[in-house]
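Participant: Sequence:
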Amino acid sequence: MAVVFDKTKGLTDKAFHYCPGCTHGIAHRLVAEAMEELGVLEKAIGVAPVGCAVFAYEYFNCDMQEASHGRAPAVATGIKRVLPDNIVFTYQGDGDLASIGTAEIIHAAARGENITVIFINNTTYGMTGGQMAPTTLVGQVTTTSPNGRDPMLAGYPIKMSEMLATIEGAAYIERVSLHDIKHIKHAKKSIKKAFENQINKKGFSLIEVLSTCPTNWGVSPKDAMLWLEKNMIPNFPLGVKKEVE
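Under this note's numbering, the first residue of the sequence shown is numbered 467, with each subsequent residue one higher.
None of these hints come from the bench; they were simulated from the model.
Heads up, some of the hints might be wrong.
Pairs of lysine to aspartate or glutamate residues, derived as DMTMM-like cross-links and limited to a Cα-Cα distance of at most 25 Å, are as follows [stated by the list, open to error]: (1) Lys659 with Asp646; (2) Lys475 with Glu532; (3) Lys668 with Glu634; (4) Lys658 with Asp616; (5) Lys696 with Glu634; (6) Lys654 with Glu503; (7) Lys648 with Glu503; (8) Lys667 with Glu628; (9) Lys667 with Glu508; (10) Lys668 with Asp616; (11) Lys655 with Asp472; (12) Lys475 with Asp616; (13) Lys648 with Asp616; (14) Lys480 with Glu532; (15) Lys696 with Asp616; (16) Lys658 with Glu634; (17) Lys688 with Glu662; (18) Lys651 with Glu634; (19) Lys654 with Glu695; (20) Lys654 with Glu502; (21) Lys659 with Asp616; (22) Lys475 with Asp646; (23) Lys667 with Glu634.
Derived DEER-like restraints, expressed as beta-carbon distance ranges [what the hints assert, rightly or not]: (24) Lys480 with Gly505: 35 to 43 Å; (25) Gly614 with Asn666: 42 to 50 Å; (26) Phe521 with Pro703: 41 to 49 Å; (27) Thr609 with Glu508: 24 to 32 Å; (28) Gly621 with Asp529: 24 to 32 Å; (29) Val470 with Val548: 38 to 46 Å; (30) Lys696 with Pro617: 18 to 26 Å.
Values in this document were obtained by computation on a predicted structure and should not be read as measured data.
Where is the CB? At the ideal position from N, CA and C, for every residue including glycine.
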């Protein structure tokens with residue numbers, strides 16, 4: 467019988483711990499497939515965050531390093547400078563990258579560190595109970611904004627891709643989404659390109675991935691996909707924000 471689909475060698479056999487309908491699993495697969503297709507698994511080193519993806523080191527079939535909350539870009543910088551021929555990537559959520567790790571990601575981009583960053587944006591602190599995150603939408607209800615995010619009290623959502631695109635050291639910044647098959651296929655191409663940039667020594671690349679959190683959003687997995695498309699994409703427009711040829 468012909469094999470029409472096979473699990474990527476970039477993932478281990480460990481079962482994901484993510485909630486039903488969470489798209490972290492899809493993002494993991496895309497990253498793993500990209501590394502496998504580029505033939506870099508044997509020399510890849512990933513840096514896991516603190517957050518829902520804290521156990522990423524159990525899932526990616528390559529060398530992995532755990533980082534303190536928000537410090538993944540700093541850890542990746544150290545690894546890449548010591549081992550410049552290795553492929554180094556971070557996998558971070560919005561609380562990790564856009565809140566406690568804001569300084570680390572901005573300065574890694576400013577230095578033009580030749581690393582690949584996968585940034586998962588689901589507008590909430592998923593692991594710790596669904597609190598308001600830097601990317602939470604105006605009016606969005608969370609456990610710490612029960613009446614919806616009020617910009618007069620909590621400010622506005624931070625558009626990390628747009629902000630990082632203004633930094634001279636950034637080589638490639640793109641925002642993608644996982645809400646349907648078409649966009650998932652495009653997200654894989656973008657993630658693969660971010661790794662190719664590192665292989666070609668082009669510098670700092672970041673792919674922001676719009677993702678779902680059905681549990682903390684309080685909706686079904688199906689409705690979470692629709693909620694992302696209807697609410698997140700208008701606030702976080704998809705597309706390439708910067709690309710240095």
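Participant: Are the hints correct? Go through all of them and say.
Facilitator: Here is what the structure says about each hint:
A C-alpha spacing of about 20 Å is found between lysine 659 and aspartate 646, which places the hinted pair at or below 25 Å, so the restraint holds. At most 25 Å may separate the alpha-carbon atoms for a hinted pair to count; lysine 475 and glutamate 532 meet this at roughly 21 Å. Between the alpha carbons of lysine 668 and glutamate 634 the distance comes to roughly 13 Å, so the proposed pair stays at or under 25 Å and holds. Annotation: proposed proximity of lysine 658 to aspartate 616 is violated, straight-line Cα distance about 37 Å (limit 25 Å).
Between lysine 696 and glutamate 634 the alpha-carbon distance is near 32 Å, which puts this suggested pair outside the 25 Å criterion. A hinted pair counts as satisfied when its Cα atoms are at most 25 Å apart, and lysine 654 with glutamate 503 qualifies at roughly 11 Å. Distance check on the hinted pair: lysine 648 and glutamate 503 sit about 20 Å apart at the alpha-carbon level, within 25 Å; holds. About 22 Å separates the Cα atoms of lysine 667 and glutamate 628, which keeps this hinted pair within 25 Å; it holds.
For the hint pairing lysine 667 with glutamate 508, the CA-to-CA distance comes to about 18 Å; that is within 25 Å, so the pair holds. With a CA separation close to 40 Å, the supplied pair lysine 668 and aspartate 616 exceeds the 25 Å bound. In summary, the hint linking lysine 655 to aspartate 472 is supported, as the alpha carbons are separated by about 19 Å, within the 25 Å threshold. With a C-alpha separation of about 45 Å, the suggested pair lysine 475 and aspartate 616 falls outside the 25 Å cut-off, and the hint is violated.
Our distance criterion of 25 Å between C-alpha atoms is broken by lysine 648 and aspartate 616, whose separation comes to about 34 Å. Proposed proximity of lysine 480 and glutamate 532 is supported: the alpha carbons are some 17 Å apart, at most 25 Å. A threshold of 25 Å between alpha carbons decides the hint, and for lysine 696 with aspartate 616 the separation of about 20 Å falls inside it, so the pair holds. A threshold of 25 Å between alpha carbons decides the hint, and for lysine 658 with glutamate 634 the separation of about 22 Å falls inside it, so the pair holds.
Restraint check for lysine 688 and glutamate 662: not satisfied, since their Cα atoms lie roughly 33 Å apart, outside the 25 Å limit. Restraint check: the Cα-Cα separation between lysine 651 and glutamate 634 comes to about 29 Å, which exceeds 25 Å; the hinted pair is violated. For the proposed pair lysine 654 and glutamate 695, the alpha carbon gap of about 18 Å is at most 25 Å, so the pair holds. At roughly 12 Å between alpha-carbon atoms, lysine 654 and glutamate 502 fall within 25 Å of each other, so this suggested pair holds.
A C-alpha spacing of about 37 Å is found between lysine 659 and aspartate 616, which places the hinted pair above 25 Å, so the restraint is violated. Pair hint lysine 475 plus aspartate 646 holds up; C-alpha atoms about 24 Å apart against a cutoff of 25 Å. Restraint check: the Cα-Cα separation between lysine 667 and glutamate 634 comes to about 16 Å, which is no more than 25 Å; the hinted pair holds. A C-beta distance of roughly 23 Å is found between lysine 480 and glycine 505, which places it outside the suggested range of 35 to 43 Å.
About 44 Å separates the C-beta atoms of glycine 614 and asparagine 666, a value consistent with the hinted range of 42 to 50 Å. The hint said 41 to 49 Å for the Cβ distance between phenylalanine 521 and proline 703, and at roughly 31 Å that hint is violated. Distance hint for threonine 609 and glutamate 508: a CB-CB separation of about 42 Å, inconsistent with the stated range 24 to 32 Å. Our hint of 24 to 32 Å for glycine 621 and aspartate 529 is violated, since their Cβ atoms are close to 38 Å apart.
Separation of valine 470 from valine 548 is about 42 Å and conforms to the stated range, judged on CB atoms against 38 to 46 Å. Judged by the Cβ atoms, the range 18 to 26 Å given for lysine 696 and proline 617 holds: they are separated by roughly 20 Å.
This entry does not satisfy hints 4, 5, 10, 12, 13, 17, 18, 21, 24, 26, 27 and 28, going by the numbered hints stated previously.
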